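Colleague: Given the coordinates of chain A, assemble chain B onto it according to the supplied hints.
Here's the letter readout for the chains.
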Amino acid sequence: MTAKPPFDQLVRDHGVRVWRVCRAVLGPVDADDAWSETFLAGLRAYPDLPPDADHAAWLATIAYRKAIDAVRARQRRATPIAEQDDRVSTLGQPGSGDDELADAVRSLPDKQRSAVTLHYLADLPYAQVAAELGGTPEAARRAVSDGLRTLRKRLARPTTGGHE
Amino acid sequence: MTITDNPLESLRDVDGPTLQRLRDALAEKAAEAQLLDLAYRRVDSPIGSLLVVATDRGLIRVAFANQDHDRVLDQLAGTISPRLLEAPRRLDPAARELDEYFAGTRHRFDLPLDLTTTGEFRRAVQLLLPTIGYGHTVSYAELAALAGRPTAVRAVGTACATNPLPVVVPCHRVLRGDGSLGGYLGGLEAKRTLLDLESRAAA
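Which chain is which? The protein sequence lines are A and B, in order. For what it's worth, our numbering labels the leading residue of the first sequence as 1, then goes sequentially. For what it's worth, our numbering labels the leading residue of the second sequence as 1, then goes sequentially.
Be aware that one or more of the hints could be misleading.
[What the hints assert, rightly or not] Covered, in the sense of this in silico footprint (three residues per stretch, anywhere, with C-beta under 8 angstroms from a C-beta of chain B), are these stretches of chain A:
(1) 11-17
(2) 20-28
(3) 34-47
(4) 99-108
(5) 116-124
[Unchecked claim] Here chain A is said to cover these stretches of chain B; the calculated rule only asks that three of the stretch's residues, wherever they fall, bring their Cβ under 8 angstroms from a Cβ of chain A:
(6) 17-24
(7) 81-89
Rather than coming from a laboratory, the hints here were simulated on the basis of the structure. Source: prediction; values computed, not measured. Glycine is no exception: its CB is placed at the ideal position from the N, C-alpha and C atoms.
Extracted from the complex, chain A is given alone in its bound form (with noise of 0.2 angstroms):
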C-alpha cells in the first residue's frame, strides 16, 4: 500500500495551478480567498480521497467552482436587480488591474469560460475538461475551440467593458 503523501505537497505541485483559476475568473483582488477557500475544502476532504485520484484535476475543479461561487456571490451583493443575460457572463471586477485577456476570458458563455480556464491555464487535458463539463472530450474540445474563436472575436474590435 502507498500511503497518501502530505498535503503540503500538493499545495507545492498544484498551488500555482490553482491561483491561475482563481485568478482568471476572479481577478487578482479575490482570488486570494478562493485559492485559500480550494486548499481548506481539499484539506478537509483528503483523508477520504481515493489514493489514485488525480490531485490536478481534484483541485484544479474545486478551485473553479470555489471560484464561480464567490463570482455569483458578489454578484448577489453587487446587482440585486440587474437584468440577467443567460448567454453571457460579466465576470471580473472593473478596475481589478488585469489586463483585457483576462476581462475577455471573465465574458466568456459559461462553458467556454470553463473549458478554456481549466484547459489552458489548469492543464487538464480534455478527458478531464469533460468530466468536470458533463459531455465528452470531443465536446470539451470543441467548447475550448469555441472559446478560443470567442476571445478572438472580442480582442479584436474595441472592449465594451464586457458587455456585449
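Modeller: Just chain B now, kept in the frame of chain A:
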C-alpha cells in the same frame, strides 16, 4: 502534459512571493479550522538544517539534515495524518528555543512534547533524558539504572537510538561505558558538536 503556444500564456505568470504568502495564510486558516494535524518548519543550525514537526499536543519529530526530510514527512503523513502543512509560525517557539540552545544561552527546553508514538518503555527512557543536566553525560548502563532496569542496557540503547526528538530530548548526552561516543542518528560529528557546545557554554 505540456501545452505549447498557449494562447493564455500571459495569464499564467505567478510570482513566488504571492504563493509563499498564500501558503502561510493557508497554514493559519487550516489550524483555525482544526484541519492541520501536523505542522512543520525547518530551522537552520550549526549541525545543518533541522526539520521540526508538531501536532496539537506538541513536538513530535526533529530530524537531522542527513535524514531525508521529505521521507520523514511522507512517513509521518502515512502513520499519523496526511493533513500536514508547512506552518512556520506555529513552530516559532520551537525555532526560538533551538536558536537559543545553539547560541549557548538556553540549557533546558521548555516545549510541549508529543511522545505518543513511542512505546511505553522507550517513552519512559526518553522522558528521563532531559534529567541529565546540560553539559553532563551518562553511560547507557547508568541510564538503564536510572530507568529502574539496570540489565536493560540494550533496550535503553534502542530507546536512545529511536528518540524522535533529538537535540530537544538530549540523547546526545548518553555515551558508551568507555566514554566513547556510541552512535547518533544525526552522525557522530553532530553529537560531538552538541557536546562541545554544552561543555563550553556550561563552563
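Colleague: Apply the coverage criterion to the segment 34-47 of chain A and chain B: a residue qualifies when its Cβ sits closer than 8 angstroms to a Cβ of the chain, and three qualifying residues are needed.
Modeller: With 8 residues closer than 8 angstroms to chain B, the segment 34-47 of chain A meets the three-residue bar; holds.
Colleague: Closer than 8 angstroms Cβ to Cβ for three or more residues is the test here. Does the segment 20-28 of chain A pass it with chain B?
Modeller: This one holds; 3 residues, not fewer than the three required, reach chain B with a Cβ under 8 angstroms.
Colleague: Using C-beta distances, would you say chain A covers the segment 17-24 of chain B, given that this needs three or more residues below 8 angstroms?
Modeller: Holds: 4 residues of the segment 17-24 of chain B have a Cβ under 8 angstroms from chain A.
Colleague: Can you tell me if the segment 99-108 of chain A counts as covered by chain B, using C-beta to C-beta distances under 8 angstroms and a minimum of three residues?
Modeller: n = 4 at 8 angstroms, threshold three: holds.
Colleague: Are three or more residues of the segment 11-17 of chain A within 8 angstroms, CB to CB, of chain B?
Modeller: n = 3 at 8 angstroms, threshold three: holds.
Colleague: Between the segment 116-124 of chain A and chain B, are there enough contacts, at least three residues with CB-CB distance under 8 angstroms, for the coverage claim to hold?
Modeller: This one holds; 5 residues, not fewer than the three required, reach chain B with a Cβ under 8 angstroms.
Colleague: Test coverage of the segment 81-89 of chain B by chain A using CB-CB distances below 8 angstroms; three residues minimum.
Modeller: It holds: at least three residues are needed, and the segment 81-89 of chain B offers 6 whose Cβ sits within less than 8 angstroms of chain A.
Checked against the numbered hints above, the structure breaks none of them.
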